[in-house]
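Asker: Please put together the full structure from these sequences, using the hints given.
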Amino acid sequence: MADFDQELDASGLNCPLPILRAKKTLTPMETGQILHIIATDPGSVKDFEAFSRQTGNELMESKEEGGKFHFLIKKA
Amino acid sequence: MQEKKLAIIATKGSLDWAYPPFILASTASALGYDTEIFFTFYGLQLLKKNLSLEVTPLGNPGMPMPMNMDKWFPVMLTALPGMQSMMTTMMKKKMADKGVASLEELRELCQEAEVRLIACQMTVDLFDMNPGDFIDGIEYAGAARFFEFAGESDICLYI
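These protein sequence lines are chains V and L, in that order.
Under my numbering, think of the first position of the first sequence as 21, with each following residue one higher.
Under my numbering, think of the first position of the second sequence as 677, with each following residue one higher.
If you're looking for bench data, these hints aren't it; they were derived computationally from the structure.
All clues given are correct.
With a cut-off of at most 30 angstroms between alpha-carbon atoms, the simulated DSS-like pairs for lysine-lysine come out as follows:
| # | chain 1 | residue 1 | chain 2 | residue 2 |
| --- | --- | --- | --- | --- |
| 1 | V | K66 | V | K94 |
| 2 | L | K768 | V | K66 |
| 3 | V | K44 | L | K768 |
Answerer: Below is the structure:
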């Protein structure tokens, strides 16, 4: 897993909380900074893809590891 | 990319009908939509400071119940005293167990995300509601005000 500037653990939270928390965490971050999100909600995979397309914040990585989903999002 | 607009009319005041407007509005907001919810009729219940919303299987044949009760439990029995409270408690517990956000939390997230919450003035007058019972940060307006935004919206939902 590449380096990241901030981490958000959204384990145990279901739709739409992972997206909402991500948006809240990303807002004060600087352009180019990377947010690492951990989630257990299987729906979050498609949600983050849509989030990335819609908001322009690049989804750099999306994978499943150790039963959890990991995402790397770069702030636009 | 021009900002999209979402307009929602919330007309229902039970627990099951309360989730869709707040979930859709908060998610849309997270995706960059400019969002406004117009609460009218029973939707005003969703703006109360103390949310005490209930849900009942009575009249809701589509509501799933534990132990397949929705298949065999007589509808008339769901009208018995205490049934509504029990069903509401069970529903809330299920939501908590599954990590679903509470309505208060979703509503707060909406306000933080600058979703505009508008209370129908006419309904407030009609049911003699006390504005002191509602949360802060809401606007009171009529249908015409809602159309100003709804007319420009990309998505308009009636809930």
